[in-house]
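Trainee: For reference, the chains in residue letters:
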Amino acid sequence: MAVNVTSRGNWVIAITLLLALILAILPLPSGIPAELGYLRPDWLALVIIYWTLALPDRIGLLTAFATGLIADLVLGSLFGLHALSLVIASSFTSASYQQVRMLAVWQQAILVAVMLSLVQLAVLVVILLLSQGSFSWLSFLIPLVSGLVWPWVFLGLRWLRRRFIN
Amino acid sequence: MKALFQKRDGSGIQTSALILACFMLISVDAYTPWLQFFRQVAGAAMEPVLVISTLPNEAADSFSGFFATRSALKDEIDQLKREILKMQTRTQKMAALLDENNRMRALLGSAERVQEKVLIAEIIGVDPDPNRSRIIVDKGSNDNVSIGQAVIDERGLIGQVVALTLGTSTILLISDQTQAVPVRTLRGGLQIIVEGGGKKTSLVGRHVPITADLQVGDSLVTSGLGQVFPSGYPVAVISQFEPSPGNPFATISAEPLAQLGSRNHVLILFSAAKPTESSSDVKDDVN
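If you read the protein sequences in the order shown, they are chains A and B. Counting along the first sequence from 1, when you hit position 122 you're at 122 in the numbering used here, and nothing is skipped either side. Counting along the second sequence from 1, when you hit position 26 you're at 26 in the numbering used here, and nothing is skipped either side.
Bound-form chain B, shown alone (with noise of 0.2 Å):
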C-alpha cells in the first residue's frame, strides 16, 4: 500500500551526490580540456535541436523575401555589381602593393608576409545567454577547423574559435566580457589593449595612459601580439577618449567595424602557422 504521506529516504543524499558530481563536472570543464572532445561528438548528437531553433527565424526570411518587390531586388543587385567593380579596382593595386612590400621586406631581410586563407562559414546560431556573446557557425572540425582560430567578415575582425562540434564551431565575439584584443592604433601604433564591453555595440580600453596619443576616429588594427588574432585586421574605431586629470587611465571606447548582430556570412582564416595549442586560453594571452 501506498502511504500518504510517504518520506522517500536517501533524497536528501542524491541531492548531494549529483550537486558534487554538477561541481565536479564544472570544474573539470572549466578549468581543464578534458571534456573537449566528449563536448564534440556529443556536441554533434545534439545538432538537429540547434537547426530546429533556427527555422522560426530562417522563416520569417524567407517570408520576408518571398515578398520583396522587383525592384528592390534590381537595386540591390545594382549595387552589388557597384560594389565589386569598386573592390576590383582596389584588389588591382593591392595586388601591386602586395609585391612591392614582399620586395621591400626581402631588402630588410624579414619574413614575407603570408596571406591567410579563409573559409565562409554561415552564421547558424546566436547563444541564447545574454551575459554572453557568442554565435554557431555551420563549420566544424570535419572542415579543419581549430580552437583558437580567428573570425572576420567584410568589414573587420568578429572574434575567434572557442569551441567545437563535427560539424559547428562557436565563435567568442570581441564584444564578449571575457574577450580581449590586442590592437594597434593605425595613425601612431601605438599599442593598446581593448576588451568586450558586454554589449554588441562598443569596445572598453584598459590601462591607457591619459597622455596616449589618441583621438576619437582612431582606426584600431589587430597587432598580431599574442598570437591569436593575426596583425593587421581592422577591428574598432575609437568613439570615446576621456582623459580625466584625476585618474592614471582614460576612458576609452571604441566601435566594432564588423557587424557584430547581423546573422550573415563570416570568414574563418586560416594562417600558415596554426595557432599552437595553448591559444584556447582566451584571456591568458593577451593579458
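Here chain A stands alone, though its shape is the one from the complex (with noise of 0.2 Å):
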C-alpha cells in the first residue's frame, strides 16, 4: 500500500483545505441577522470528505485531526471538538468508499447530509455531556446545506485532482 503513496499535488490538497477554513470563518457581513449563520455548510467536513474519497491511501484521519486541530485554533471552539467531527466524517467515508465512489452525486448527496447529521449529533452528545456552552436546534441545518452544496464541492474538487494530481 506505501508503494503507491506519493505526495504529488498535496500543495492542491493543503489549499483546498486552507480555502475551506478561510470560507469557514468568513463573517457574515454585518447587517445580517444571525440565524443565517446556520445556513453556512461545512466546508472543511465536505473537502475532507471528498479527498478521504479520492485518495484514501493519501489522505484520512491523520489529516482530518490535523485540519481539525488547526481549524479549532481559528475558529476558538473547544480544541478537539472540529478534530472529532471531522475524525467521524473521514473515517465513515474511508470504511466505504469503494461503494459510495459507485453512487451519483445525487445520492452522495443525501449520504453526505445523513453523514453530517451523525457527526453533528455527536457534537452535541459532547457539548450537553460537557455543559460547554449552547446548543439549537437549527444546527442540523448545516448538514442538510452541506448535502446540498456536495455535488458542487465534487466536481470542483475532482475538476482539481484531475487537473494537479492524476
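Bear in mind the hints are in silico, worked out from the structure with no lab data behind them. This one's a predicted model, so the numbers in the text were calculated from it and none came from an experiment. Treat the hints with care, since some could be wrong.
Claimed, not checked - Pair by pair, the computed Cβ-Cβ distance ranges are:
(1) A/R162 x B/E76: 51 to 59 Å
(2) B/M104 x A/P33: 42 to 50 Å
(3) A/A104 x B/S11: 20 to 28 Å
Said to hold, decoys possible - Chain A regions said to be covered by chain B (calculated; three or more residues, Cβ under 8 Å):
(4) 66–74
(5) 86–99
Idealized CB from N, CA, C, for every residue including glycine.
Given two chains presented individually in distinct reference frames, assemble the corresponding complex, making use of the accompanying hints.
Mentor: Here's what the structure looks like:
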C-alpha cells in the first residue's frame, strides 16, 4: 500500500483545506441576522470527505485530525471539537469509499447530509455532556445545506484532482 | 501488487485512538486552563488566516467609503462636531460632580471611586458559529490585556475577554447564552441577573419575583457584584416585564444598549484592581 503513495499535488490539497477554513470563518456582512449562520455549509467536512473518498491512501484520519485541531485554534472552539467531527466524518468515508464512489452525485449528496447529521449529533452529545456552550436545533440545518452544496464541491475538487494530481 | 479490494488493517484502532484523543483534548480544554498558553501562542500563528478572512468585508466597506458623496461626508463631520460639543459640556459638569462625589465619599469614609483606564481596540472578526456570540479584537496579551476584563462601547457594556492570543483577544458578548451579568436598576437599585438570550438583540432576566419593582423602560447598570464587570456601566433597558400570576418568576427581556452587531471600535477596561484568576470562569462568578 505504501508503494503507490506519492506526494504529488499535496499543495493542492493543502490549499483547498485552507480555502475551506477561510470560508468557515468568513464573517457574515454586518446587518445580516445571525440566524443565517446556520445556512453556512460545513466546508471543512466536505473537503475532507472528498479527499478521503478520492485518495483514501493519502488523506484520511490523521489529516482530518490535524485539520480539525487547526480549525479549533482558528475558530476558538473547544480544542478537539472540530477534530472529533472531522475524524468521524473521515472514518465513515474511508470505511465505505468503494461503495460511495459507485453512487451518483445526488445519492452521495444525500449520504453526506445523513453522515454530517450523525456527526452533528455526536457534537451535540459532547456539548451537552460537558455542559459547555449552547446548542440550537437549527444546527441540524448545517448538514442539510452541506448536502445541497456537495455536488458542486465534488465537481470542483474532482476537476482540481484530475488537473493537478492524477 | 496493489489488491483491488484491499482491507486497510488497523484503521479501526486508529479511529478509536484518535476519537479518544479528541475526547481527552476537549475535556482538558473544557475543565482546565492548561491549554491556555498553547492557544495563545499557536493562535497567534493562525492570525494570518483571520486577517485574510476579514478582507472581503473590508473591501466592501472601503468600496462603499470610496463612493460616499461629499455632502454625506460633510453631514457626518457636522454631526460628529455637534456630538463632541455635547460630550464636552457633559464632561465639564462631570469633573465637578466627580470631585463632589469623592469628597462626599471621603466624608463617609468609603474608598474613593477609581477611574478605569481604557484601551481602544478594533473588531477584526466575528465568531462564525451561530450558537455563540463572540467577537475578536486586535489587542492581545502583548497589550497587557488579560482574561476577565470588561469591554464596553460608547453606549454600554459589550462583554468580557475570554481568550487571548499575543495580538488578539476574544470577547464573549453579553448576548451569548453562556454569559450572565449582575445588574441593578437605576430607579430602585433592585439587583438582578440578566443572561444572554442567544440572539444579538435581547437579554433575559431570570429568577425575578413577580412582585419586583420593575417597569418597562427601566435602565440596568452593572452592579459590580461577581467582580468581573466594574459597577456603574449601562447594560440594557427593560423592554418586557410580564408578571404572570401563575408563575413565581416574571418574564423579563431587556434590550442591550451597546451595539453588539456593529463592526466599530470597542473599549477594553483596565480597572485599578486587576481581575483575579478565578474570574476567567464565566458563569460561576455570577451564579
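Trainee: Against each hint, give a clear statement of whether it holds in the structure.
Mentor: We went through each hint and held it up to the structure:
no.	hint	verdict
1	A/R162 x B/E76: 51 to 59 Å	53 Å, holds
2	B/M104 x A/P33: 42 to 50 Å	47 Å, holds
3	A/A104 x B/S11: 20 to 28 Å	26 Å, holds
4	66–74	holds (count 5)
5	86–99	holds (count 6)
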